[in-house]
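Chains as they are written, first to last, in the numbering used here: chain Z, 1 to 240; chain C, 241 to 400.
Just so you know, these hints were derived from the structure itself, not from any lab. The C-beta atom is built at its ideal place from N, Cα and C for all residues, glycine as well.
Only some residues are given here: those of chain C computed to face chain Z with a beta carbon under 8 Å:
(1) His276
(2) Asn278
(3) Gly312
(4) Asn358
(5) Ser382
(6) Val384
(7) Ala385
(8) Leu387
(9) Ala388
(10) Gln391
(11) His392
(12) Tyr397
(13) Lys399
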Amino acid sequence: MSSKDEIDINAYVDGELTPEERLEVLAVLRKDPDVAREVCELNNLKSQLELAYAHPPGLGERSKVRRRSTWLTLAASILTLSIGATGGWIAGHNDSAADRLVLLDPAGRGQAPATAASDETRIVFHITTPDQLAAGELLDEVENMLQAYQHEGRNLRVEFVSNGEGLGFLRQGLSQHQARIHQLAENYRNLTFVACQNTIDRLRVEQGIEINILPDARIIDSGVSHVVERQKEGWAYIRV
Amino acid sequence: MKKYVYPFVALLFAFFMPASQAAVEEGYSKQKVVYHVNYDDPKLQAAALRNIQNHINAVGAENLEVRVVMHGNGLALLIVPEALERLPKFKHANADDQMAARIDGLKQQNVSFKVCANTVRGRKVSMDNDLYDVDEADIVPSGVAELAKLQHEGFVYIKP
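Please model the entire structure based on the sequences and the hints provided.
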């Protein structure tokens, strides 16, 4: 890999590329698993750094920059989607899930932190292990909570984020909980399932197979960045 | 609106920085931390308890409030070895003498161990006969809900 590519990858991870440049990098990522893994690691590192320094006092300037880069990322993703470069998953995409608040709103609307003062409990479960037995027990536990909150008229939002070895939980053919997830997603509008595009891309390249995600799940760029954003918004975080 | 408030807050912080900086240099300030255990590997569990001891050593027991929340397989940490044969849903019972000594040591340093009632009920665990040194006050209605509640109360989440 040339040094020019390395510069491009860093700029890509930092969201500093133009949409056209971003597409070029995406094309490289599809072909080269090493580069894809490197981007994944850079993304992880960046997210962990962001979380570590999530709330330093008096860094208004920095958060403005971040917001701009989020817009750029969003603009690039929309362009990517519009020219159909992401391929087939949109075809099987479930529209009824679209109105649920999963994509992060860059302006932060409707995402007030769930502090002790807020009346909504928000929990994000980060599924990173292949243990589907434990995931099943977790679904029991979450269903109990959803029922209890509904019964008592209290607000609760729950999100499952699968990436890395945890992606099997949301993969068609591999998930042992497909019917259960479908039934829960139908019954509870305040429950969402999210799969990581980075992991999907990596598996596609490494194993040369098509990765199909359950129709009840949405796909986001990076699972790790997503759980970091959720924590910044005040969601409780539980890793499984 | 927020855009204009932040620089002002920053200025305030800059103003009071010298005082808070001094406090930081004297050591860590008070911390509230919840450790999450839902796995039954005895090595991982022993390592988790070691993490907590190291955490206490660094911060000072007087500055640190620790809750260990266990559910699912994680309950194996407190299951006494002789109970294993009457608990078919568990593969490990890790509360041998050595582990019990570690748990006792931590309890004397402001660490409490919380057990999920759903797991106790679902896996037919007897609080008195199967678990090491657990009483009614150590049982929480749901391990998952407890983890969320503690984070809203300002506890930092760590999963070793």
